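Colleague: Given the coordinates of chain A, work out where chains B and C should sit on it, guided by the hints.
This is what each chain is made of:
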Amino acid sequence: MSAPTRPDSPVRLEALIGALKGRGILTEDELTARQAQTDCASPEIGARMVARAWLDPEWRRLLLSDGSAAAEAMGVSMAGAPPLGVLEDMPRRHHLVVCTLCSCYPRAVLGYPPHWYKSFAYRARAVRDPRGVLAEWGTVLPKGVEVRVVDSTADYRWMVLPLRPEGTDGWSEDRLAAIVTRDALVGVALPQVTPRTVAV
Amino acid sequence: MSDADINGPTSEAPIPVTHDMGGASRFRCTAVERDEAPPDDFGKRVDALRQLLAQKGLMTVDELRRGIEAIPEDEYLALTYYERWLRSMTTLMLEKGVLSREDLR
Amino acid sequence: MTPAEGTSAAASDPPGKSAFAAPRFEPGARVLVLDDWPERRGPCHIRTPHYLRGRTGTVQRLLGCFASPEDLAFGRPASRRALYHVLFEQQPIWNEGHCGDELLVEIFEHWLEPIEATKKAI
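Chains as they are written, first to last, in numbering that gives the first Met the number 0: chain A, 0 to 199; chain B, 0 to 104; chain C, 0 to 121.
In isolation and in its complexed conformation, chain A is listed as follows (with noise of 0.2 Å):
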């Protein structure tokens, strides 16, 4: 478990809301209103984008040389959001995404980070010791696989693009998109065919 708020903290919190508004600076229509906007941003936004990309090469030139372009025709906003990148993995060639010095995550196309991404040990290990990182995902890549670890430090925000795994010919986007999970967007995980999916 992540070390819970302290109890004090929200009492910060609410008494620095209450001077902003006290000053005409914000309401809290303002504030239920962003955080409800960013309540609806989650990884399906970004598995779609990758389903869509395995079935229409068209649509994958168009991730790859602009992913923030891409958000947008998903119907994301992207206006003053930061431009989002997309990593092809390749066949020998594995994307893992982090930020060590703060946790820059493409939060238009996955929505809040999970605490691991936030997480010191993974900011720290992630650069360094990433097959460590992935073996505990159980993630453990065949033989001749590169990893490039993407260190996420400035203006961008990346998400990968997996390789389509063998075993999903003929299937449809929605069934494609629902073995992308956010794991794998960020490059912890690879999409799995399991027993389960292949039942659907």
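These are calculated hints, taken from the structure and not from any lab test. Computed from a predicted structure; not experimentally measured. Beta carbons: idealized from backbone N, C-alpha and C, even for Gly. One or more hints might be untrue.
Here's a subset of chain A near chain C, in silico, CB distances under 7 Å, partners left out [stated by the list, open to error]:
# : residue
1 : 8
2 : 142
3 : 146
4 : 148
5 : 149
6 : 150
7 : 152
Calculated cross-link-like contacts (lysine-lysine; reagent style DSBU-like; alpha-carbon spacing at most 35 Å) [stated by the list, open to error]:
#  : chain 1 : residue 1 : chain 2 : residue 2
8  : A       : 142       : B       : 95
9  : A       : 117       : A       : 20
10 : B       : 55        : A       : 142
11 : A       : 142       : B       : 43
Now the stretches of chain B that chain C is said to cover, found in silico as 3 or more residues with beta-carbon under 8 Å [claimed, not checked]:
#  : stretch
12 : 26-37
13 : 58-69
Modeller: Showing chains B and C alone in chain A's frame:
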């Protein structure tokens, strides 16, 4: 060729600042905690506030980060993620004169 | 969905469309990351991770020109800087790891120096 040439700059590199965590030895043997819980209400509200302050031009994301990086190491490591954000935002609102200490009483 | 997330990014210029001076490095250029430690000199905000300082890498591509976070962090008028994706080998950095594994990192141009042909052997 001297040792320095062979080993590169690490042989005498300064100790990195706390937030600059890439490769940090102290976490080398720490397993990544796979906590999948979404942010709590406090975290989500801090997050929404951060976005609003940026949207209103009162704070850049870089200022927020600078404020987080200025948190002393023991507190940086002890506070939760969104508590660090709250600390930075509060400091920035005071530093920039958006709020006064009296406002926060 | 989170328009306010990156105010610095909002001020980006796509590659090739910038009023900024011509970028200094082409894809494939060998570069040296400055072995500089501004955090030792006083308050600052920098986005070049410590483990790359003094390291050599290869420019993969120009990502665009962005307002410098080093200025934005202090509310100063921000100079615009070219931002590159630079590729490094992991093993020489840590003296451990898997041969062939790499690091790909966004680095601003003012942190990079060209490596002349004579030094390429390093």
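Colleague: Taking the hints in turn, state whether each one holds.
Modeller: Hint by hint, here is what the structure shows:
For residue 8 of chain A, the interface hint is violated, the least distance from its beta-carbon to any beta-carbon of chain C being 22 Å, above 7 Å. A least Cβ separation of about 11 Å between residue 142 of chain A and chain C goes past the 7 Å threshold, and the interface hint is therefore violated. Because the beta carbon of residue 146 of chain A sits about 5 Å from the nearest beta carbon in chain C, less than 7 Å, this interface hint is met. Look at residue 148 of chain A: its Cβ gets to within about 5 Å of chain C, closer than 7 Å, so that hint holds up.
Residue-level restraint check for residue 149 of chain A holds (minimum Cβ-Cβ distance to chain C is 5 Å; threshold 7 Å). Interface restraint check: residue 150 of chain A against chain C, minimum CB-CB distance 5 Å, threshold 7 Å, status holds. Satisfaction of the interface hint for residue 152 of chain A is found here, the shortest Cβ-Cβ separation to chain C being roughly 5 Å, below the 7 Å cut-off. Taken as a hint, the residue 142 of chain A and residue 95 of chain B pair is broken in the structure, with Cα atoms around 54 Å apart against an allowance of 35 Å.
Between residue 117 of chain A and residue 20 of chain A, the direct Cα distance comes to roughly 30 Å. Compliance with the 35 Å bound is thereby established for this hinted pair. Restraint check for residue 55 of chain B and residue 142 of chain A: not satisfied, since their Cα atoms lie roughly 51 Å apart, outside the 35 Å limit. The straight-line distance between the Cα atoms of residue 142 of chain A and residue 43 of chain B is roughly 41 Å, outside the 35 Å bound, and the hint therefore fails. Restraint check on the stretch 26-37 of chain B versus chain C: 0 residues with Cβ-Cβ distances below 8 Å, three needed, restraint violated.
With 8 residues having a beta carbon nearer than 8 Å to a beta carbon of chain C, the stretch 58-69 of chain B meets the requirement of three or more and the stated coverage holds.
Violation of the numbered hints given earlier is confined to hints 1, 2, 8, 10, 11 and 12; the remaining hints are satisfied by the structure.
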